[in-house]
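Go ahead and model the full structure; you've got the sequences and the hints to work with.
Here the protein sequences come in this chain order: A and B.
In this note's numbering, each residue's number is its place in the first sequence (first place is 1) plus 35.
In this note's numbering, each residue's number is its place in the second sequence (first place is 1) plus 35.
Certain hints may be false.
Repeated chains share a single entry, so a pair holds when one copy, or any two copies, can fit it.
[Claimed, not checked] Derived lysine-lysine pairs resembling DSS-like cross-links, with alpha carbons at most 27 Å apart:
hint : residue 1 : residue 2
1    : 264       : 340
2    : 111       : 247
3    : 162       : 247
4    : 64        : 339
5    : 76        : 56
Hint data in this document are derived by calculation from the structure and do not stem from the laboratory.
If you want the building blocks of each chain, they are given just below.
Number of protein chains: 2
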Amino acid sequence: MSLRIPGPTPCPEKVLHAMSKQMINHRGKEFGEMMVRITAKLKDLFQTKGDVFILTSSGTGSMEASIVNTLSPGDKVLSLSNGVFGDRYATIAEQFGAVVTRVKFEWGKAIEPAAADKALKADPGIKAVLVTHNETSTGVTNDLGAVASIVRKHDKLLLVDAISSLGCIDLPVDKWGCDVVVTGSQKGWMVPPGLAFVSVSERAWQAHKTAKMPRFYWDFTRAKEFLQKNQTPWTPAVSIFYALDIALPLMLEEGLPNIFARHARLGRKAREGVKSLGLTLYAEEKVASDTVTAVNAPPGVDGKKITEIMRDEHGIVLSGGQSTLAGKIFRIGHLGFVTDSEIDDVIRELRHALPKAGYKIPHK
Amino acid sequence: MSLRIPGPTPCPEKVLHAMSKQMINHRGKEFGEMMVRITAKLKDLFQTKGDVFILTSSGTGSMEASIVNTLSPGDKVLSLSNGVFGDRYATIAEQFGAVVTRVKFEWGKAIEPAAADKALKADPGIKAVLVTHNETSTGVTNDLGAVASIVRKHDKLLLVDAISSLGCIDLPVDKWGCDVVVTGSQKGWMVPPGLAFVSVSERAWQAHKTAKMPRFYWDFTRAKEFLQKNQTPWTPAVSIFYALDIALPLMLEEGLPNIFARHARLGRKAREGVKSLGLTLYAEEKVASDTVTAVNAPPGVDGKKITEIMRDEHGIVLSGGQSTLAGKIFRIGHLGFVTDSEIDDVIRELRHALPKAGYKIPHK
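In structure tokens:
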């Protein structure tokens with residue numbers, strides 16, 4: 036079975052193999068040395084000199100962490116959203132008492148940086164901006180660089196969900212001035228789910244000092260205190276650290292420019308491939324993501340049927356649509372441990388599967 | 036290296052091996068079937084007909100979850116604490132705005148159920164009681180059955196940290212009327228850290244309905260909604276599910292009565308063993324834990340020195356003391372995947388290690 040969903044993503048054999056290692060003391064020397072190695076490499080891959088913490092949670096936990104560590108109930112927050120995950124970020128902030136202005140963009144299109152500028156001008160009381168770098172639900176990569184430069188101009192806090200982009204698509208955390216950036220281990224990192232990584236800028240630390248949202252498990256102060264001892268405050272998912280300790284050197288060996296280029300190539304290949312089948316992209320092509328491609332189900336064909344046939348008869352697991360897009364789109368994940376030929380396989384098998392779902396592939 | 040700390044605990048070979056399996060879709064059929072198998076078995080081992088959820092987090096995350104799902108800011112809470120973890124539970128509740136009455140008991144002694152009765156009589160406004168079943172920091176098992184019957188008599192909510200007891204020491208969740216019981220995968224369950232399990236009673240669901248503490252990642256309503264689809268709301272730590280899918284049948288095969296008997300035997304063996312070396316127990320013997328034994332460092336000997344020698348020269352990893360007990364005690368973990376002979380090994384090696392740390396073992 037080939038897993039071509041936007042997470043969990045497949046892991047290299049040697050990464051999986053690393054997880055069969057016996058447990059060790061998470062307060063001991065061996066774990067501490069691993070923590071040092073991993074943290075240094077994560078910082079390189081985040082392109083930051085700031086702090087990077089490892090949380091035992093899924094990506095959503097790290098989104099919550101970014102909010103509760105930097106904001107207080109009643110704080111005004113601007114949410115820029117063009118999909119399920121953008122909406123989720125806003126909901127988390129509201130749940131913890133932030134007053135959220137939700138600026139929504141059409142699904143399948145990108146966030147317009149100018150709209151962020153306008154919203155920040157309209158309400159100078161806004162303290163922070165929530166943005167999704169890569170919107171997994173629609174297969175759109177937002178122009179985070181442009182959004183960041185506007186947020187910097189207004190001197191607001193920038194919290195970024197980079198769960199399905201970091202380590203795949205360029206995100207120079209320090210250069211762009213992103214304050215908290217979060218991601219999950221099961222995406223571009225080639226390791227199983229269970230860990231999340233967060234970067235924290237100096238500006239975020241300043242905000243943290245006065246942030247009153249309640250927190251304990253996610254608390255950055257505790258994370259920093261323990262990182263100074265090369266530990267985590269709470270017992271970490273040790274086996275996923277083992278996996279990471281193998282995967283991160285693989286990433287650094289390939290090198291960020293090559294990783295970005297590979298994802299760009301895979302994204303193009305996926306888009307060209309589905310178009311060659313006469314299918315249309317859900318996302319506007321110029322902002323289409325290089326980690327996940329959302330494809331419109333052909334008229335009259337249920338997207339679920341396509342993913343079922345692909346899984347049951349062709350051994351390829353794709354994702355369906357989320358929320359209101361259920362049945363209307365299907366999604367091909369191409370992030371992390373993926374090669375060109377594996378995307379070729381997806382297109383080839385789709386060519387066989389689509390007719391069974393009732394779609395006639397047009398002759399060129 | 037033998038890991039004899041109270042978590043992470045060693046895992047059987049086949050459990051570790053299971054984790055080298057490739058990732059699968061956490062929204063797919065295979066994961067769903069695994070979720071059904073695992074949840075049913077967890078309910079058996081929790082001895083409950085209520086809900087049991089699996090969270091991707093360490094045990095501390097599940098302690099936070101138990102609080103934020105059942106309480107509102109301003110709620111009065113009674114904390115019964117006799118150690119580091121009891122104090123932690125109270126701190127989490129305070130952090131989220133509960134008004135906590137802390138009734139503290141001498142470390143090394145058990146919580147006195149009568150004191151709970153007195154405190155609940157003194158303030159009928161108390162809504163919930165926080166209690167640690169097995170206090171890992173001091174090696175004491177509290178009489179949870181007696182505490183529970185008092186809490187039931189007063190008709191309060193009972194939240195239980197059973198992180199280092201469940202699956203090792205008898206805890207009949209339904210019979211005792213415990214409302215939320217939490218535990219972590221790296222303790223008695225013979226799997227690596229990264230997952231936490233929580234049981235939720237009908238009374239806890241009633242409390243949940245009006246509970247106003249902010250929550251998103253930990254939200255039981257979302258957990259329940261997704262469990263109905265045999266999923267978790269957020270991407271779970273799939274590889275630790277694989278491990279659990281192997282470990283739980285091993286536990287059920289051994290059977291709860293045998294598991295409890297084994298831990299009781301191991302506990303006795305550890306206590307008798309350290310006493311045979313002329314050492315004294317930190318915990319009062321009649322309430323000493325069957326999962327972890329806290330041993331006083333001999334007068335004039337640094338406990339850290341003992342754990343260092345044991346690790347570096349004898350290949351056995353023990354735990355030191357936490358908080359104010361650092362250097363004053365050392366702890367032997369004997370929970371989960373442990374046999375009698377492995378505890379014999381610890382005692383035998385201690386006999387060689389202690390003189391090197393400056394302690395002269397008395398002749399009988």
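Cross-check of the supplied hints:
1. Taking CA atoms no more than 27 Å apart as the test, residue 264 paired with residue 340 passes between copies only; the shortest distance there is 19 Å, against 52 Å inside one copy.
2. Taking identical chains as interchangeable, the C-alpha atoms of residue 111 and residue 247 lie at most 27 Å apart whether they share a chain (13 Å) or sit on different chains (21 Å).
3. With identical chains, the CA atoms of residue 162 and residue 247 are at most 27 Å apart both within one copy (14 Å) and between copies (24 Å).
4. In this assembly of identical chains, the alpha carbons of residue 64 and residue 339 lie at most 27 Å apart only when taken from different copies (14 Å versus 49 Å within one copy).
5. For the identical chains of this complex, residue 76 and residue 56 are neighbours both inside a copy (21 Å) and across copies (25 Å), given an alpha-carbon limit of 27 Å.
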